[in-house]
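Protein chains: 2
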Amino acid sequence: MLFFPRPLQDPIRGRPKEIPHNEKLLSLKYESLDYDNIENQLFLEEERRMSPMGFRCLEISRWVICGLIGILTGLIACFIDIMVEKLAGYKYQVIKENIEKFTEVGGLSISLILWAVLNCAFVLVGGIMVAFFEPIAAGSGIPQIKCYLNGVKIPRVVRLKTLVVKVIGVICSVAGGLAVGKEGPMIHSGGVVAAGVSQGRSTSLKRDFKMFEYFRRDTEKRDFVSAGAAAGVSAAFGAPVGGVLFSLEEGASFWNQMLTWRIFFASMISTFTLNFFLSIYHGKPGDLSNPGLINFGRFESDSVAYYYYEIPLFMCMGALGGLLGALFNSLNYWLTIFRIRYVHRPCLQVMEALLVAAVTAAVSFTMIYFSNDCQPLGPERNEEYSLQLFCADGEYNSMATAFFNTPERSVRSLFHYQPGSYNPMTLGLFTLTYFFLACWTYGLAVSAGVFIPSLLIGAAWGRLCGILLASFTPTSPVGAPHSGIVRMTLSLTVIMVEATGNVTYGLPIMLVLMIAKIVGDYFQEGLYDIHIKLQSVPFLHWEAPATSHWLTAREVMSSPVTCFNRIEKVGTIVDVLSNTSTNHNGFPVVVQVLDSDEPAKLCGLILRSQLIVLLKHKVFVELARSRLSQRKLQLKDFRDAYPRFPPIQSIHVSQDERECMMDLTEFMNPTPYTVPQDTSLPRVFKLFRALGLRHLVVADDVNRVIGLVTRKDLARYHLGKHGLEELQLAQT
Amino acid sequence: MLFFPRPLQDPIRGRPKEIPHNEKLLSLKYESLDYDNIENQLFLEEERRMSPMGFRCLEISRWVICGLIGILTGLIACFIDIMVEKLAGYKYQVIKENIEKFTEVGGLSISLILWAVLNCAFVLVGGIMVAFFEPIAAGSGIPQIKCYLNGVKIPRVVRLKTLVVKVIGVICSVAGGLAVGKEGPMIHSGGVVAAGVSQGRSTSLKRDFKMFEYFRRDTEKRDFVSAGAAAGVSAAFGAPVGGVLFSLEEGASFWNQMLTWRIFFASMISTFTLNFFLSIYHGKPGDLSNPGLINFGRFESDSVAYYYYEIPLFMCMGALGGLLGALFNSLNYWLTIFRIRYVHRPCLQVMEALLVAAVTAAVSFTMIYFSNDCQPLGPERNEEYSLQLFCADGEYNSMATAFFNTPERSVRSLFHYQPGSYNPMTLGLFTLTYFFLACWTYGLAVSAGVFIPSLLIGAAWGRLCGILLASFTPTSPVGAPHSGIVRMTLSLTVIMVEATGNVTYGLPIMLVLMIAKIVGDYFQEGLYDIHIKLQSVPFLHWEAPATSHWLTAREVMSSPVTCFNRIEKVGTIVDVLSNTSTNHNGFPVVVQVLDSDEPAKLCGLILRSQLIVLLKHKVFVELARSRLSQRKLQLKDFRDAYPRFPPIQSIHVSQDERECMMDLTEFMNPTPYTVPQDTSLPRVFKLFRALGLRHLVVADDVNRVIGLVTRKDLARYHLGKHGLEELQLAQT
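For the record, the sequence lines run as chains A and W. Reminder that position 697 of the first sequence reads as 697 in full-length UniProt numbering, one-by-one numbering, no gaps. Reminder that position 692 of the second sequence reads as 692 in full-length UniProt numbering, one-by-one numbering, no gaps.
The hints are simulated quantities; they were obtained by calculation from the structure and are not laboratory data. The reader is advised that the hints may include incorrect statements.
Since the list can't tell identical chains apart, any single copy or any two copies may satisfy a pair.
To be verified - Okay, derived cross-link-like pairs now, DSSO-like style, lysine-lysine, Cα gap no bigger than 27 Å in a straight line:
hint, residue 1, residue 2
1, LYS86, LYS618
2, LYS210, LYS632
3, LYS153, LYS221
4, LYS632, LYS101
5, LYS636, LYS686
6, LYS533, LYS206
7, LYS206, LYS284
8, LYS96, LYS712
9, LYS601, LYS533
10, LYS686, LYS153
11, LYS101, LYS636
12, LYS161, LYS632
13, LYS616, LYS210
Start from the sequences and build out the full structure, keeping to the hints where you can.
Below, the structure is given as structure tokens:
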């Protein structure tokens, strides 16, 4: 199962419709976020009433919220880390004792079964949580956060329930020995924390702290979510700057200095919190020099010098990493399509997860069993779970250090064990096996990230090359497969540099990552982009497709547009909103000059959510006159309803009320952005991307509405192999 | 002299007008860049003709240009570094020999005179170059680049002549022993290189390579200049990621992933080039592990651990750094006003520079002379220019290592010399003196940066605190005064981390810099912002002032607006353009339906520069009919004239031609962005900032032009102590 639950499927759980995978689709079920149309008369009045002191208080609250986000994200990371360590430690201890018992007397198959059963038990818990309770918590959550920051609302992605399932799920899947990491889910967790804290309430828990009400709108919430994602990266890798860059690289379209500093602050606090509590847990309170969930250990400066003749070598490794990444993505693409078609029931998904867990255990066991790479057990190689197996006393099985361990520890061993700790055969087999395991695992119905597995592949393979070329080049090629898979460059470089704690390797790391990205891009998209595309998300890229200058707003827009009059009959509004076939979210408001032939002119734009609040509070002209409703509708009422506006079906409007009128003047955005119909697509695109628009009205030269451009209209166009292509809209 | 030459002064060199310094002004002399209004029919036709392959070629050219920018910037940095080292080395050698000769026999005043004369000679050359040839090359150039990236065209800022003067100027001022660094000017140099390379020609040298003609417009050029600035930072500090962040923090408003990667690429290449050539120069070809002009040396991992009880200490030092920075800025502010009033003639400026050079030499000499801090000359303290003076044999004067050295070397010594190398008295005196010297120096008519001086103050003072508190905390507080002065946070953190080559100190550095910034902001603006403000530049900040929601486009716009008809008489156009009192740069184009009472409707926007090209090529309707001009005007003609469009006075239009008509349809932007007059200032602001607008048409509900908002209209408003304030427009 994918990270977006049951795509393109009937609302009633059942067989999905035949999915035309040859066609390219754009789903209509994802709503867009709106950063612009909140500005109506009520809002402006509030802003005008506010003193400079009020704005300063708001600014301080923003900083406080970012601090809270950092602290909570750090605590969650801490909890995950300790739980994983405890559970995995317990598991490996039990299995190790069992293996040691049976090594001499035979009957190691019992150990294998024990191993597989323990793994499956963990994965079962995690899989059930994810598949039955909250399917959106599957996977790393990075694509979902990426979509959210891009402006697409993925249902339930920032809910408390998602967070709980995600945290338990990731603990189970890492403890269950799957080829996964716990870093990706931290980013999602940070986002959820941010979305929760910034709203000052939890809708799930039905608690409203009456705080931060000003921030209950899409623009502000999105800013905090980007801070949360950054805090997540920062906690995961101990890389605050990397976190900020990640947020920017994946999410931001409009760069704002103050926002960046707040994001930076949240990241700092998050690393610091994690660091502080882990240092206490590890019995070294106050030692803050080892931040992050993952820790590559310390690199001595002497061992990391490099020379210019190594540069071509790095470039080759980068290119190879790109190829590997493209292969990984292609395999995973086909696997994902297979899963969408055949593995869509929750019980099937759990069974697949169990299968993967058992196979992982079996493969690991077999590899360890048949490996005869014995290494002396030195003082510094005193890994906790080193297996002796059939090695002589004082020796350990080298293959086991790679498999019989959490992936983080394996990466560290690969970086730091002295030359000669591994023989090439072991490394080659390990790389190969782990590659396929990781590829199979990504996309299962478990919470898990792909960062550490790809890094582990890179580390094993980098070490292998190092041995083969008789030179020891530990860090730089490591990121290559990862860059080949996910195609982040700048933020990944900084994350790698911050995580290794050494800048010297910065330049080669950059070089390797960049080349891996270029090579990978040539063959296949990034993994996250593939999954986003398979989910038919209306994702806006950075720029309009290059060859789209001949398209204008006229071709792109939806037309005709359902408009409302400034003073509109309630019945009409209810009918339009109830019409399931259209399902529009924004409506231009027009004004008709009475007794005149002039066409109706655009005077504003109102959102479905705003209309629903108005209907719920029965803000009708007649009632206002008869003084039945004393209280004027305030901005607070909109904020209380945000973000879970009730559906129109839940609002009861009597036959009498249908004849009433509603005055939209105060509630609509009175100055929506408009473009003439000849505006080229790139210019429209730029408006959407830079301002975070959801609807853009197309008007003619006397200000009549002639069309409406939405995000989905823009996301339809993309540059394919044969020039500009247009995606179909899904029928669901 | 300031970095913007002779502000608010008559064009004829003479006494400046009485500058009303109590009033706040906005100068009209700076033009804005335009990222939007290039898109006319010719442009669209070209874009539509272009194949996907063509776009790919463009993309490749962009990468090639970024590579070239990186290489050239790296080479320039290399040249500056080697020249400074040679010249300064020669100077210190001569003086050292002289001092040694006179120490025993008396007559050290001759040495002092020699020192002062040598310094003055260097500064004289640099000062004359700057004051007489190219005053814009004064200072670090960072404020100018900041303005350019913000969208303000500072005259002559990216010209070849500026680059030459800047490079020679900075070599002279560093070799002349002033309290300056060579890093700031590198950023400006990178920007100039980028502006030149990306245009594929040099107007100064009158060479057109017929390359990259597509990039001859403001949007593209700005993108390359930001890459150049990043390459400059990268070369200066060996900090490619820091360079990217600097560009973003100071310049970018619209973040684009592809652009960021190109900037990153340019930065990488620049560091690499510098590194490569310097490694050859230093006789260690191929050792690439020491990038950057400044090099803090290697920090051993053991010496940099820190504990949480040090955190409050760091915070205090950050706060102190912020205070110091605010003091620096205030002093420099008053000094700058003094300079604007009284030191505006080039010869006076040169004399001031000479005075500072002489005083710097004298003060340094006096400090060294009266210092009796002798330290044993160990094997590792074998600094090239250590002075023995009155110390015993095998000892050296400790004050001299700080003063008798280039500032970069002094910083390195302060970081790395063993505990006990300095006594607190020496450090305290040095910090104090250097603080005032640096403050006096910034703003002189020499090319020089403030980065290294402020870092040196920070290092000396950090070391002092370290001694006093008996703990050795080398790096983290170092940046505090700098952050207090220039108020960059994120990029500075990364630069510091990259330059020290050690990530462990990342967190405390961030903390210190952030607190220094917050404290500094409380008292005084950043140094660059002060200078930008004193120059009355129409600089747009990140967001509209918080309390500006009650302002609408109606209050902000200029009105009435000079419009042109779509087919307009040449005489009218010439008259409007020649009218010096208005000096508009953009004109809405309207169309009047013939024989109708309807008002004229907006149908486009045309720029002064476009009209001038049209007039120059005599694109008149009558001539086209009579087939006198065979060739249709092409985009190329606009590109050839960019960016130095001739003034209207240089274009001769005969009396007959004045009666001709010009058809603007093809050349105007047919779909300018418009807003209704009720749009709030923050929304207008956001449009300007996010889209890089220069003109925004305000239209009423039948699409009549009722006003025009320009960047200057927006830059007028700012949040002062008593709420929203409006700047006056300068009368020059």
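Structure-based check of each hint:
no. : hint            : result
1   : LYS86 x LYS618  : neither (56 Å within a copy, 82 Å between copies)
2   : LYS210 x LYS632 : within (20 Å within a copy, 67 Å between copies)
3   : LYS153 x LYS221 : within (12 Å within a copy, 36 Å between copies)
4   : LYS632 x LYS101 : neither (77 Å within a copy, 91 Å between copies)
5   : LYS636 x LYS686 : between (32 Å within a copy, 25 Å between copies)
6   : LYS533 x LYS206 : neither (35 Å within a copy, 50 Å between copies)
7   : LYS206 x LYS284 : neither (40 Å within a copy, 68 Å between copies)
8   : LYS96 x LYS712  : neither (55 Å within a copy, 73 Å between copies)
9   : LYS601 x LYS533 : neither (38 Å within a copy, 43 Å between copies)
10  : LYS686 x LYS153 : both (20 Å within a copy, 23 Å between copies)
11  : LYS101 x LYS636 : neither (67 Å within a copy, 83 Å between copies)
12  : LYS161 x LYS632 : neither (35 Å within a copy, 66 Å between copies)
13  : LYS616 x LYS210 : within (21 Å within a copy, 66 Å between copies)
Hints 1, 4, 6, 7, 8, 9, 11, 12, counting from the list given before, are not met by this structure.
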